[in-house]
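Engineer: Residue strings, one per chain:
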Amino acid sequence: MRVFVNNSEIHLAPGMTVRHAVMGAGLLEEINAGKKVFDERGNEVGLDGELSENDRIYVEGQEETGKV
Amino acid sequence: MRAILKLSKILWGNNIMKHFEISLKFLLTTLILLTVMVLPCGAADLRILYVNDFHGFAESYKRIGSDEMQGGIAHCAFRAAELSKEKPSLLLAAGDMIQGDTWANLFAGKSSIDVMNAMGFDAMVVGNHEFDFGKAVLVRRIEEAKFPVLAANVVGFDSLRPYVIREVDGLRIAIIGVVTEETPSATHPSNVAGLQFLPVTKTVERYVAQLRDKVDLIIVLSHIGYNADMALAGAVKGIDVIVGGHSHTKAVKEIMVGNTVIVQAWEHALVLGVLDLTIESGRITSMSDRLENILPATIKKDNKVAAIVENYSGQVGESMGKVIGQALVDLNAENARSAESNLGNLIADIMRRESGAEAAIINGGGLRTSILRGPVTVGNIYSVLPFNNYIIAIRLTGQQIKDALEYGLSGIEAKEGRFPQVSGISFTYSPVREAGKRIGTITIAGAPIELLRQYTVATNDFLAAGGDGYQVFREAIRQAPDFEILGGTIKSSNIVYNNAGRWLRDVVVLEVSNEKRLSSAVEGRIRAEN
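Chains A and B are the protein sequences, given in the same order.
Every letter in the first sequence is one number past the one before it in numbering that gives the first Met the number 0, and letter 58, counting from 1, is 57.
Every letter in the second sequence is one number past the one before it in numbering that gives the first Met the number 0, and letter 429, counting from 1, is 428.
No lab work stands behind these hints, which were simulated from the structure alone.
Treat each hint with caution, since some may be false.
[As the list claims (entries may be wrong)] DSS-like mimics (lysine-lysine), calculated; alpha carbons at most 30 Å apart, straight line: (1) B:K134 with B:K61; (2) A:K34 with B:K201; (3) A:K34 with B:K61; (4) B:K86 with B:K300; (5) B:K145 with B:K213; (6) B:K414 with B:K401; (7) B:K201 with B:K252; (8) B:K252 with A:K34; (9) B:K86 with B:K414.
Bound conformation, chain A alone (with noise of 0.2 Å):
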């Protein structure tokens, strides 16, 4: 499964979720930090949250960020 984390292709066994997305993408310290994930839409999406093809995430500093 592909998706993209901050716009970086990320590749997935399935059932794989949005936490090891983040760490595909080398990101998984900014979350720990104090960053949060969010979808297209501005969203922000659990680290346990599952993926689909072509899911596009993004790890940022704050919230509801209104891609869209």
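Fit chain B to the given chain A structure using the hints.
Structural biologist: Frame of chain A, contents of chain B only:
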């Protein structure tokens, strides 16, 4: 509306009213007329309260980066009860309710069902993780539930109902359940053996066509993710509301796709979704949606639910102290970041056996504490493996295995957590050589490694996702062609075992319970040479 008409009739018929000025009659008549204009005849209010992806997080906790306690199902229950008194209401759960936190896992999800029964849920859709304890357990949980458990697109599971029709204050409401078609790809094949997961869109289309004329409102209770919910709403006309889960989306405001309202309430009952609708002639004429934060500091506990939570929490505490085996030697994690460890061997061996792989590679840093000789408790295993990691087995070439081991050894000077612990593999290395050139010989199952041959290798999801900087597993996953689900089993060239719903520590607890006497030794699987 009906209440206002009744009230005015009573007032008009009462002798007391005859003493009032005619202007009061005029005022009341105006009020009634205004109300009729605002809430037309036949209009009805409905409040939908919803949660999703609870995953058994019954107790409040502080999220990463927050100092505030959040969630707590007893607080959520109190607020849900308050809100449901204000309007005719439905309480819905959009899946993944019974698996996740230890509070739920130790009881195979029964604790979650007990809480949901006490809260008076009206319906729940199964999430993919509801299958993680196996079909027989899920059947028992469904039997215990005092509410219907739905999944219209699962064939072969008689306990699941495709939909339910609820009548609320004169409104007939159909609730159709659907779960992700990808369910079989991330759980043990035996958990879904014999089941078919039909395409969601076609399934919903069929049931909407069947139900549309028989009800005032159609709700799809989905566990397919927020993006998939939007695609579903775009593809199937006639759905009024989608209450979703799976992607753990904190949808602070509802979204409309065509005439379909889509909502989702984050995770772990950290928030409670509140969707207020006015429905007239089978159409939503007004709506308002919000997520209410469940903050223990400001919301009371529902006593009944709190008692259930505390009872199970007490049992969790007792379970942690339960002796499941005897360590005949100290099981050492102290040196697992720089040398072969007997505890590393024990865990890696269990992973290899469980997955049926030829070898296993894990990160020494994942073993968080040692177990001293003597009785071994569940709590000991949970302390060694405190993270929610699961087993995944991937096909790697001999060269990829060598690369993985080289990488694992590259941080040995600093005792980095990536130092490998292995099963089915033996190797020599030189700590004085430069990183990337340290490996000497490697054998797998006693035979010299063949660099071009493929081997099945178990690891944990952390390393498979690139944790600790491991790239080899990620690369193998990237190289895997799109997986297929055939007959409930994942078919992929590179992923041979994938059980995302069963934590490694629970596998180890079961193995230790069976094995009883632990005498794992350092056997020379990893040998340093100069």
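Engineer: Now tell me if each hint is right for this structure.
Structural biologist: Status of the hints after comparison with the structure:
1. B:K134 with B:K61: 33 Å, violated
2. A:K34 with B:K201: 39 Å, violated
3. A:K34 with B:K61: 15 Å, holds
4. B:K86 with B:K300: 21 Å, holds
5. B:K145 with B:K213: 25 Å, holds
6. B:K414 with B:K401: 20 Å, holds
7. B:K201 with B:K252: Roughly 28 Å between the alpha carbons, so the hint for B:K201 and B:K252 holds.
8. B:K252 with A:K34: Distance of about 21 Å is within 30 Å: holds.
9. B:K86 with B:K414: Judged against 30 Å, a Cα distance of about 61 Å means the pair is violated.
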